Amino acid sequence: MIYLVVGSGPAGVVAAERLRKLDPLANISLIGSEPEPPYSRMAIPYYLTDKIQEHGTYLRKTAMHFEKLNIQLVQQTVTSIDTEFNRLITDDGETRRYDKLLLATGSRPVVPPVPGIDAPGVHNCWTLEDAREIIKLAKPGASVVLMGAGFIGCIVLESLALRDVRLTVVEMENRMVPRMMNDISGNMIKRWCEEKGVSVHTSTRAESIEALDAGKLRVNMSNGQSVDADLVISATGVKPNIEYLAESGVYTDQGIVVNDYLQTSNEDIYAAGDVCQGKDFNTGEYTVQAIQPTAVEHARVAAANMVRGHRTEHVGNLNMNVLDTIGLVSASFGQWMGVPGGDSAELVNEKEYKYLNLQFKDDVLVGGSSLGLTQHVGVIRGLIQSETKLGSWKERLQKDPLKVMEAYLACSQSQVATA
Amino acid sequence: MQKSLSIDPGKCTGCLQCEMACSLENEGVFNTAKSRIKVFTFHEEGKFVPYTCTQCDEAWCMHACPVDAIVVNAATGSKDVISDLCVGCKVCTIACPFGTVNYNADSGKVVKCDLCGGDPQCVDACPTDAITYVDANATGLDKMRQWAEKTDNTVGS
Chain L
11 MIYLVVGSGP AGVVAAERLR KLDPLANISL IGSEPEPPYS RMAIPYYLTD KIQEHGTYLR
71 KTAMHFEKLN IQLVQQTVTS IDTEFNRLIT DDGETRRYDK LLLATGSRPV VPPVPGIDAP
131 GVHNCWTLED AREIIKLAKP GASVVLMGAG FIGCIVLESL ALRDVRLTVV EMENRMVPRM
191 MNDISGNMIK RWCEEKGVSV HTSTRAESIE ALDAGKLRVN MSNGQSVDAD LVISATGVKP
251 NIEYLAESGV YTDQGIVVND YLQTSNEDIY AAGDVCQGKD FNTGEYTVQA IQPTAVEHAR
311 VAAANMVRGH RTEHVGNLNM NVLDTIGLVS ASFGQWMGVP GGDSAELVNE KEYKYLNLQF
371 KDDVLVGGSS LGLTQHVGVI RGLIQSETKL GSWKERLQKD PLKVMEAYLA CSQSQVATA
Chain W
3 MQKSLSIDPG KCTGCLQCEM ACSLENEGVF NTAKSRIKVF TFHEEGKFVP YTCTQCDEAW
63 CMHACPVDAI VVNAATGSKD VISDLCVGCK VCTIACPFGT VNYNADSGKV VKCDLCGGDP
123 QCVDACPTDA ITYVDANATG LDKMRQWAEK TDNTVGS
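Residue numbers (our numbering), protein chains in the order written: chain L, 11 to 429; chain W, 3 to 159.
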């Protein structure tokens, strides 16, 4: 068997390893387009703050890891797929044949339609190479404008704050991390950042970027203000890398659409990770989640299904995220925004920057979001995904949402019932 | 033979000696807030329930880690955080459906139970044998495993 895995992020690496485990004699290649060993984009913020060196971002730390597994690492960019003859075509004109193909090509930053966005000094924070450029420009005291306060923007924000730059954030929505946090908690994060000396402009767009003398940039905002900067970071969202599939006949929508076995519309091609439009656990809809746990679970299921004799159903992933914004930790799970006809529980402590929101459908937890809490948050995932019936504990949680761990112990471990 | 923690909440008096011992062993201080084992109090039922990582086979935390900083301890079967490699991204803290991997803001790393390398101090400290370290097959671990399986609705094979 020849397995090709395209994309050497977490999904690609985990899938290649899983394929090796299930098919010891197969020919396995892992194809990545960047001139780096497989690394984790998620670790880049910690590289920016010198918490780790470049090596610390690598997905596998031991030298010869892939050689030992007899997984061939290839640096090439795939430009198209010839599904008739089961082969890939790469940017250097080479073709590679496959029996089974996994597409884990991830996503890339969108380029917002802002005049001047291609000026020198405007960077994404997506690749290790981007990070190296940012380190050069984000010196202590430098003025940095961050466009976008979504998940990636906020992760980068923390790194920049720790580099002691003068930071200005521009976000179109009315709050920070709008896809993770509601009005209350999103604005608590904004206030927290402002208290830490970050200038935050919400409900504001960057309208243009002018190149001034000596490498300086001027960002003109929709609120009439402008900021001069040494560095502008664009973090206004990402989109799946699917363009190379245009002529392939593989069905794409937002991402590569897969069935409940992570198989695409072509039976020999599977997809995983940030490029994959797979089933959502809560809604049953097929969406691009683009989060680390989903990427890894996709990879394990897809790899199993690629190997003859194995069949694993993908029941769907819970969308969840965790973020640290200059020391304020936030997390969101599933349908944190609530469901029609559902109930909720909410704890708001603006003064101490603590927030917890739980969402129920009948007596089952279906979502939640938290701020300023770092203990036992994972149990929210457990309660949602196990669809545990909370019974009387729902009412107790509505009175005190912080009792979520107690609710789990009482309802799932049956260790509390008898006094 | 693999051993695991066995917890009998019926014997727990809520004295928190386990939390003190855990904190001292792992953080060098007597501070229950830093313990990896937690005793949960149920006032209405008049019960105390100690709880920590079950070292589950699914190892959600380990698989979710983007930098390979959580590994299986070959001697004890525990899933250990390699602090030098942990970047503090906290993905494991939301991936663990038991809520037993937690972030320590002081160190900027996550912490979880590692069975103290095979000599769990909470067990030594417990005056009522509510926490024991026994042959894994003989424990009430099954209930916890069932919970893990219930959550494990994505990965089979």
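Hints are computed from structural coordinates only; laboratory data are not their basis. No experiment lies behind these values; they were computed from the predicted model shown. Glycine residues also receive a C-beta, built at the ideal position from the N, C-alpha and C atoms. Please note that a few of the clues may not be correct.
[To be verified] Chain L is faced by these chain W residues, among others (derived, beta-carbon under 7 angstroms):
#	residue
1	T15
2	G16
3	C17
4	H45
5	F50
6	K92
7	V93
8	A97
9	P99
10	D108
11	C118
[Stated by the list, open to error] Within a straight-line C-alpha distance of at most 20 angstroms, the following computed SDA-like cross-link-like pairs (lysine to any residue) qualify:
#	chain 1	residue 1	chain 2	residue 2
12	L	K78	W	K36
13	L	K413	W	S85
14	L	K31	W	E60
15	L	K31	W	K111
16	W	K36	L	L172
17	L	K413	W	E60
18	L	K61	W	G110
19	L	K61	W	L18
20	W	K111	L	L172
[Unchecked claim] Taking CB as the label site, the calculated pair distances span:
#	chain 1	residue 1	chain 2	residue 2	range
21	L	D92	W	A77	48 to 56 angstroms
22	W	A76	L	D60	26 to 34 angstroms
23	W	D108	L	M347	29 to 37 angstroms
24	L	L412	W	G110	18 to 26 angstroms
25	L	R107	W	D108	37 to 45 angstroms
26	L	E356	W	V31	20 to 28 angstroms
Hints, one by one, checked against the model:
{"no.": "1", "hint": "T15", "verdict": "violated, 14 angstroms"}
{"no.": "2", "hint": "G16", "verdict": "violated, 13 angstroms"}
{"no.": "3", "hint": "C17", "verdict": "violated, 18 angstroms"}
{"no.": "4", "hint": "H45", "verdict": "violated, 10 angstroms"}
{"no.": "5", "hint": "F50", "verdict": "violated, 10 angstroms"}
{"no.": "6", "hint": "K92", "verdict": "holds, 5 angstroms"}
{"no.": "7", "hint": "V93", "verdict": "holds, 5 angstroms"}
{"no.": "8", "hint": "A97", "verdict": "holds, 5 angstroms"}
{"no.": "9", "hint": "P99", "verdict": "holds, 3 angstroms"}
{"no.": "10", "hint": "D108", "verdict": "violated, 11 angstroms"}
{"no.": "11", "hint": "C118", "verdict": "violated, 20 angstroms"}
{"no.": "12", "hint": "L:K78 - W:K36", "verdict": "violated, 39 angstroms"}
{"no.": "13", "hint": "L:K413 - W:S85", "verdict": "violated, 29 angstroms"}
{"no.": "14", "hint": "L:K31 - W:E60", "verdict": "holds, 16 angstroms"}
{"no.": "15", "hint": "L:K31 - W:K111", "verdict": "violated, 31 angstroms"}
{"no.": "16", "hint": "W:K36 - L:L172", "verdict": "violated, 25 angstroms"}
{"no.": "17", "hint": "L:K413 - W:E60", "verdict": "violated, 25 angstroms"}
{"no.": "18", "hint": "L:K61 - W:G110", "verdict": "holds, 10 angstroms"}
{"no.": "19", "hint": "L:K61 - W:L18", "verdict": "violated, 34 angstroms"}
{"no.": "20", "hint": "W:K111 - L:L172", "verdict": "holds, 16 angstroms"}
{"no.": "21", "hint": "L:D92 - W:A77: 48 to 56 angstroms", "verdict": "holds, 50 angstroms"}
{"no.": "22", "hint": "W:A76 - L:D60: 26 to 34 angstroms", "verdict": "holds, 32 angstroms"}
{"no.": "23", "hint": "W:D108 - L:M347: 29 to 37 angstroms", "verdict": "holds, 33 angstroms"}
{"no.": "24", "hint": "L:L412 - W:G110: 18 to 26 angstroms", "verdict": "holds, 24 angstroms"}
{"no.": "25", "hint": "L:R107 - W:D108: 37 to 45 angstroms", "verdict": "violated, 53 angstroms"}
{"no.": "26", "hint": "L:E356 - W:V31: 20 to 28 angstroms", "verdict": "violated, 34 angstroms"}
Violated hints, listed in ascending order, are 1, 2, 3, 4, 5, 10, 11, 12, 13, 15, 16, 17, 19, 25 and 26; each of the other numbered hints is respected by the structure.
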